[in-house]
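**Student:** Okay, here's what each chain looks like letter by letter:
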Amino acid sequence: MVMTERDPLEPFFDAARANRAAPEADLMARVLADAEAEAEGRERAGPAPRPPAPQGILQMLKAVGGWPALAGLAATTAAGVWIGFALPEVPTGLGLSTGYDLTDLAPGYGSLSEFGG
Amino acid sequence: MPLDALGEASDEALLVAYGNGDRAAARALTVRLTPRILGYAARVLADRAEAEDVVQEAMLRLWRIAPEWRQGEAKVTTWLYRVTVNLCTDRLRKYGRAVDLDAVPEPEDGQAAAIEGLIEQDRAAALDAALGLLPERQRQAVILRHLEGLSNPDIAQVMDIGVEAVESLTARGKRALSRHLAGRRAELGYGDD
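First to last, the protein sequences are chains A and B.
Going by my numbering, the letters in the first sequence line up with residues 1 to 117, in that order.
Going by my numbering, the letters in the second sequence line up with residues 1 to 193, in that order.
Because the hints were derived from the structure by calculation, they are not lab data.
Any given hint might turn out to be false.
To be verified - Some chain A residues judged to face chain B by a derived CB distance under 7 Å, without partners named:
#1 Phe13
#2 Arg20
#3 Ala21
#4 Leu27
#5 Arg30
#6 Leu32
#7 Arg44
#8 Thr77
Ideal placement from N, C-alpha and C gives every residue a C-beta, glycine not left out.
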């Protein structure tokens, strides 16, 4: 008779698997009682508070109106930067003397400055 | 979850259902998973009461994680075995190894050994005794692979090591088991095959 080669430990493993500990009803009942208690506890406590949503750049973008809003915001920002840098150049860069004083442009400013000292 | 769907549902689906309040899903999971981890714990701890305590604790942790279970990240069985293995390790370190090698019965004499059931029990007891002689990690790997039937990648996750380390542990463990059991093969009804 031809014998196939077999792991010599396999009969021991077979025997051990056949002699496996089986849970008794008491253990199953204890485990189920825990499951019941946990579920009841959660129901009594109500729904768990939702964790705060991550405030990534996309959430912030969504809050201000999405990509179109970002485009408008970018254009406005660019215009502000340009005005901030470019406008002071106009009176000095052209070498013009306007001859105007602040009080000419805002007549109330003189009295205000006098009042304020 | 409908009763007829419980038997076919995956462990993960049942766990999520329980996390949403489905008690029937908890019953199905208890029936399905408790025997598996009890088999491991009882073999490693060699103490029925200790093993049952470990199983109850591991299942309790499963119930608690249920509402937060992240689907698709891990297998429920792998997670549960990992918890069970760690709980058993903690108990063994705290109380010492429970395996009493002197309590393992010697093989029955030839007449009694003719009863196949007793031979099987003797073989199982001999294996348990030999497993008790292995270093802890080798014993865990051999039991998970050859008695619990886990795959090497699953064992790697359970033991938090690489697959190659699992293969090494099981190979060394089996060589050591063979040495320990070599002198008992004839006594336990095995010929020199």
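**Student:** Could you tell me which of the numbered hints above are not met by this structure, giving the numbers in increasing order?
**Tutor:** Violated hints: 7 and 8; rest satisfied.
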